[in-house]
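Engineer: The residues making up each chain are set out below.
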Amino acid sequence: NAGVMQNPRHLVRRRGQEARLRCSPMKGHSHVYWYRQLPEEGLKFMVYLQKENIIDESGMPKERFSAEFPKEGPSILRIQQVVRGDSAAYFCASSLDRQGIVQPQHFGDGTRLSIL
Amino acid sequence: AQSVTQPDIHITVSEGASLELRCNYSYGATPYLFWYVQSPGQGLQLLLKYFSGDTLVQGIKGFEAEFKRSQSSFNLRKPSVHWSDAAEYFCAVGAPAAGNKLTFGGGTRVLVKP
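So the sequences go chain by chain: A and B.
First residue of the first sequence: 3, per the numbering used here; consecutive thereafter.
First residue of the second sequence: 180, per the numbering used here; consecutive thereafter.
One or more hints might be untrue.
Stretch-level coverage of chain A by chain B, calculated; a stretch enters the list once three of its residues show a Cβ under 8 Å from a Cβ in chain B [said to hold, decoys possible]:
id: 1; region: 47 to 57
id: 2; region: 65 to 77
Quick list of in silico lysine-lysine cross-link-like pairs, DSS-like style, CA-CA up to 30 Å [to be verified]:
id: 3; chain 1: A; residue 1: Lys29; chain 2: B; residue 2: Lys247
id: 4; chain 1: B; residue 1: Lys228; chain 2: A; residue 2: Lys46
id: 5; chain 1: A; residue 1: Lys64; chain 2: A; residue 2: Lys46
id: 6; chain 1: A; residue 1: Lys46; chain 2: B; residue 2: Lys240
id: 7; chain 1: B; residue 1: Lys292; chain 2: B; residue 2: Lys240
id: 8; chain 1: A; residue 1: Lys64; chain 2: A; residue 2: Lys53
id: 9; chain 1: A; residue 1: Lys46; chain 2: A; residue 2: Lys73
id: 10; chain 1: A; residue 1: Lys53; chain 2: A; residue 2: Lys29
id: 11; chain 1: A; residue 1: Lys53; chain 2: A; residue 2: Lys73
id: 12; chain 1: B; residue 1: Lys292; chain 2: A; residue 2: Lys73
id: 13; chain 1: B; residue 1: Lys228; chain 2: B; residue 2: Lys292
id: 14; chain 1: A; residue 1: Lys29; chain 2: B; residue 2: Lys228
id: 15; chain 1: A; residue 1: Lys73; chain 2: A; residue 2: Lys29
id: 16; chain 1: B; residue 1: Lys228; chain 2: B; residue 2: Lys240
id: 17; chain 1: B; residue 1: Lys228; chain 2: B; residue 2: Lys247
id: 18; chain 1: A; residue 1: Lys46; chain 2: A; residue 2: Lys29
id: 19; chain 1: A; residue 1: Lys53; chain 2: B; residue 2: Lys228
Please keep in mind that the hints were generated in silico from the structure rather than gathered at the bench.
Even glycine gets a Cβ: it sits at the ideal position worked out from N, Cα and C.
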């Protein structure tokens, strides 16, 4: 499967624990995006990364959330000290790199995070 | 800032009937427009996109969309729906000036009656 791979598909955490969500982009894609989808809502942009760089994190909460896309390995979205309001589906997308053109983004199947 | 409105939260259509989903966007220049479909428990699949050129674009699964600059709209259509088209549909807008992030509408859930 050459698509965007996210794991785990489902993640259950208790309040105060840490959640780590992983995303491997499509082969050949160098841009990664994270979106959050609350129940019955559309997707909200969180962060946009290229290898070893955060390009835009304007949608990321200022506290407890962080993201990285290291030179080797998947992109990681990390949520520290989770709270009930963090329960949502988190989607990763990837795209090619074309200067000045908004490339179509290809989405993974998401990680459903549930906070007990 | 760009924004997207999908006025219809739910639409019910009979199998074999036509379908039109509305999308209105707000952006100062020519936007990049996308329609995605999401089946339950799945990620988003790209149906079609508009960047420039012919304002009527064809996508996968028999869908098409028409860009109307004067109405700031990018409505999605299908002449004859199949039961497998039951899903949630999202319109999204992107712009180079805003980086590569997409702004999504709230979605329209389509139910297909036999």
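Engineer: Could you run down the list of hints and mark each one as holding or not?
Structural biologist: Do the hints match the structure? See the list:
no.	hint	result
1	47 to 57	holds (count 3)
2	65 to 77	violated (count 0)
3	Lys29(A) x Lys247(B)	35 Å, violated
4	Lys228(B) x Lys46(A)	19 Å, holds
5	Lys64(A) x Lys46(A)	15 Å, holds
6	Lys46(A) x Lys240(B)	26 Å, holds
7	Lys292(B) x Lys240(B)	19 Å, holds
8	Lys64(A) x Lys53(A)	21 Å, holds
9	Lys46(A) x Lys73(A)	26 Å, holds
10	Lys53(A) x Lys29(A)	14 Å, holds
11	Lys53(A) x Lys73(A)	6 Å, holds
12	Lys292(B) x Lys73(A)	49 Å, violated
13	Lys228(B) x Lys292(B)	28 Å, holds
14	Lys29(A) x Lys228(B)	21 Å, holds
15	Lys73(A) x Lys29(A)	14 Å, holds
16	Lys228(B) x Lys240(B)	14 Å, holds
17	Lys228(B) x Lys247(B)	14 Å, holds
18	Lys46(A) x Lys29(A)	24 Å, holds
19	Lys53(A) x Lys228(B)	26 Å, holds
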